[in-house]
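Q: Could you put the whole structure together from the sequences, leaning on the hints where they help?
As you go down the protein sequences, you meet chains H and B in turn. Once you know that position 121 of the first sequence is 121 in our numbering, the rest is easy, because the numbers rise by one and skip nothing. Once you know that position 201 of the second sequence is 201 in our numbering, the rest is easy, because the numbers rise by one and skip nothing.
Read the hints as simulated data drawn from the structure, not as lab findings. Check each hint, because a few of them may be wrong.
No copy labels: a pair is met if it fits in one copy or bridges any two.
Result set (DSSO-like, lysine-lysine): computed pairs, CA atoms no more than 27 Å apart in a straight line [claimed, not checked]:
{"id": "1", "residue 1": "K65", "residue 2": "K227"}
{"id": "2", "residue 1": "K65", "residue 2": "K228"}
{"id": "3", "residue 1": "K217", "residue 2": "K228"}
{"id": "4", "residue 1": "K65", "residue 2": "K362"}
{"id": "5", "residue 1": "K217", "residue 2": "K331"}
Protein chains: 2
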Amino acid sequence: MLNAVKNLLTRRQIIGSGMGILGVGVAGVVTRNSPAIAQPAYKPAKEPPIPDEKKLGWAVVGLGKFATQQIIPSFSQCKQSKLVALVSGDRAKAENYARQYNVNPKNIYNYENYDSLRNNPEVDIIYIVLPNGLHAEYTIRGAQAGKHILCEKPMANTVEECQAMIAACNQANRKLMIAYRAQYEPFNLEAIAIAQKKQLGQLKAIVADHGRNLDPKDPADVWRMNKKLAGGGSLFDIGIYSLQAARYITGEEPTEVCAMTYSTPNDPRFKEVEENVNFILRFPSGVLANCTSSYGYSSTKRFQVFGSNGTLELDPATDYYRHQLTVKREKVQEERQIQEQNQFALEMDHLSESVMQDRQPKTPGEEGLQDVRLMLAIYEAARTGRTISVDSRE
Amino acid sequence: MLNAVKNLLTRRQIIGSGMGILGVGVAGVVTRNSPAIAQPAYKPAKEPPIPDEKKLGWAVVGLGKFATQQIIPSFSQCKQSKLVALVSGDRAKAENYARQYNVNPKNIYNYENYDSLRNNPEVDIIYIVLPNGLHAEYTIRGAQAGKHILCEKPMANTVEECQAMIAACNQANRKLMIAYRAQYEPFNLEAIAIAQKKQLGQLKAIVADHGRNLDPKDPADVWRMNKKLAGGGSLFDIGIYSLQAARYITGEEPTEVCAMTYSTPNDPRFKEVEENVNFILRFPSGVLANCTSSYGYSSTKRFQVFGSNGTLELDPATDYYRHQLTVKREKVQEERQIQEQNQFALEMDHLSESVMQDRQPKTPGEEGLQDVRLMLAIYEAARTGRTISVDSRE
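A: Dropping the structure here:
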């Protein structure tokens with residue numbers, strides 16, 4: 001343990017100092033002032049895992065269904081990340097998971113003593129898996145405690161919150177990454193490559209649909225009916241995957257959006273947040289993307305890309321596993337065989353690697369801010385019945 | 001031949017007189033003033049074909065690819081319709097097809113002597129398979145020649161033309177039907193039944209996509225690049241299938257539309273007509289439909305329906321054959337086994353039957369007018385960047 005702490009301290013001093021010491025950090029990776037001027041495309045580490053004591057230590061904040069069923073079990077697949085701390089308002093629950101995942105009970109925190117993580121050198125990175133309305137507070141407090149942050153999507157409820165989160169992490173010289181797992185998931189990466197390498201010819205349209213039935217009896221869904229905690233309805237929760245797909249498939253930022261929303265009257269789930277949002281995005285290259293988002297239809301997580309020479313469909317596109325990628329060209333339909341991988345592990349390792357290499361993660365705070373800005377524009381377009389111009393990132 | 005003519009004359013006198021003679025017409029079907037007050041859903045005739053001399057006689061106007069490769073060969077599958085005349089500007093071509101399909105050469109017409117069809121009692125119904133910009137003229141002249149009309153979609157280029165066509169047919173007391181083949185095609189009928197019988201629960205969204213690469217070297221496509229002949233671009237030609245699907249699946253009329261269009265700059269195909277149109281329709285029950293239409297992407301003819309308890313996908317949905325209907329409920333995916341049928345024959349027989357029974361066809365002129373009205377509203381929404389309210393049929 002002592003060695004691990006020492007290693008981490010050394011690593012933090014070298015990499016996280018912001019002083020740009022030239023040299024080679026842990027695991028042979030190069031630190032900030034190396035010759036890497038243009039940041040190459042991210043490749044998931046293909047090497048074997050680094051020794052456990054050199055992995056970066058992660059604290060998971062919030063022990064809801066997603067954290068306990070997807071995130072925490074995925075550390076076992078990580079090559080550069082390890083779970084070392086838990087933050088929860090429920091001590092007994094945290095102790096239970098700590099036992100199960102071999103987390104030292106002294107590394108269990110609650111929301112009051114969360115800031116004292118600053119005194120725990122085992123923790124390098126905090127993963128915020130809280131309701132959206134709490135993302136800003138816990139990101140800012142985490143950065144001020146000297147930790148790098150992975151924050152669940154959507155980044156926050158407002159542009160101002162996003163900006164404050166980015167500013168806090170910059171000021172603390174900590175990395176901020178938004179947990180856009182699809183951008184680390186191999187089937188999605190293959191779809192992006194196919195589209196951007198023009199294997200479908202010139203891209204013309206994208207159709208992306210994400211829906212599920214919000215379950216008012218599921219504790220993981222209860223807070224999503226609360227506007228203050230959720231920020232928005234289906235759009236903020238899952239429509240964001242449709243929006244993301246359109247953005248990462250084109251590799252462009254939309255310039256215009258029009259939209260309509262609908263919520264079933266008298267459905268108690270939709271007193272505060274919306275049920276359905278349909279929207280169209282215009283991209284600079286001319287691609288028009290039709291997206292749907294719903295809390296009212298049965299499970300749907302798919303997108304389709306239409307090009308001049310072919311189409312691809314990823315269905316499911318943004319599930320946890322069992323993705324299916326079909327490419328159709330010249331009437332020949334082919335199902336792509338791709339090695340399924342744990343996208344949560346890839347995602348977390350990306351941030352660990354970004355910290356170790358002192359590089360901007362692929363999905364930084366600015367990526368999350370852009371989606372929040374766009375989602376608010378989508379709401380505005382629906383509310384006003386007008387096509388809204390959206391500037392690219394400021 | 002004489003007997004056939006006699007039969008037709010008798011039938012026309014009874015059924016087409018508009019005088020509502022109570023009684024039983026040919027083939028045992030009931031004429032207008034029978035007790036059938038509410039018009040039941042159309043069922044394709046399951047009986048064997050009626051004797052050839054009792055079938056209604058059809059003239060096909062325009063001998064392009066669609067007419068010669070799809071329509072004309074389909075008469076052999078008809079039970080109540082027979083091909084008896086051809087109208088073409090190319091006499092040699094017409095003679096060739098007349099020989100092939102056993103049409104009496106005296107029943108070959110051109111666009112100048114077209115009106116003399118009035119003197120040919122063998123012809124009951126005229127099928128207009130001309131460029132869109134000629135639909136109004138040839139429908140009106142055909143009705144004035146005393147014939148019933150099946151007119152290809154889109155009905156015409158403007159609302160005014162559609163209204164004039166309806167008025168001309170009313171005045172001549174002739175039936176007017178628009179050739180919306182998908183509304184007679186068994187897979188589409190099954191999809192409609194599944195949706196409207198609530199087998200997917202409450203409908204939430206429809207996604208309908210129709211695209212193909214317009215081929216400037218294909219004579220069948222050349223006139224489609226001409227605004228005056230085509231009326232519009234991809235929307236008028238194939239986006240109309242997306243629009244239709246949204247309407248017939250819901251069984252409702254949209255109340256609002258928003259849209260965006262895009263045409264590749266400097267693409268010679270899109271000097272006069274648009275390439276891509278994406279639009280959203282709002283229906284009274286709350287269903288929001290996302291539709292695409294393109295002359296720039298590889299062949300796509302599909303729609304998907306999202307309900308609270310399941311989804312269905314028809315892909316291809318509006319091809320000539322080999323449709324595929326997939327229904328997914330509670331994670332169980334099922335491909336529906338449906339007997340493929342010749343939709344052109346069903347469609348033509350529907351009009352023959354409607355004429356014989358003196359009933360309004362299922363897709364009358366008003367149906368075509370509604371689509372033209374909606375398509376023009378879609379263009380307006382795209383042009384103005386505003387959500388356009390569309391009144392239901394006047």
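Q: Now tell me, hint by hint, if it's right for this structure.
A: Outcome of the hint check:
In this assembly of identical chains, K65 and K227 lie within 27 Å of each other by CA distance solely inside one copy; the values are 20 Å within and 57 Å between copies. With identical chains, the CA atoms of K65 and K228 are at most 27 Å apart within one copy only, with a shortest distance of 20 Å there and 60 Å across copies. Taking the shortest Cα distances, K217 and K228 sit within 27 Å of each other inside one copy (19 Å), while across copies they are farther apart (58 Å). In this assembly of identical chains, K65 and K362 lie within 27 Å of each other by CA distance solely inside one copy; the values are 26 Å within and 51 Å between copies.
In this assembly of identical chains, K217 and K331 lie within 27 Å of each other by CA distance solely across copies; the values are 20 Å between and 45 Å within a copy.
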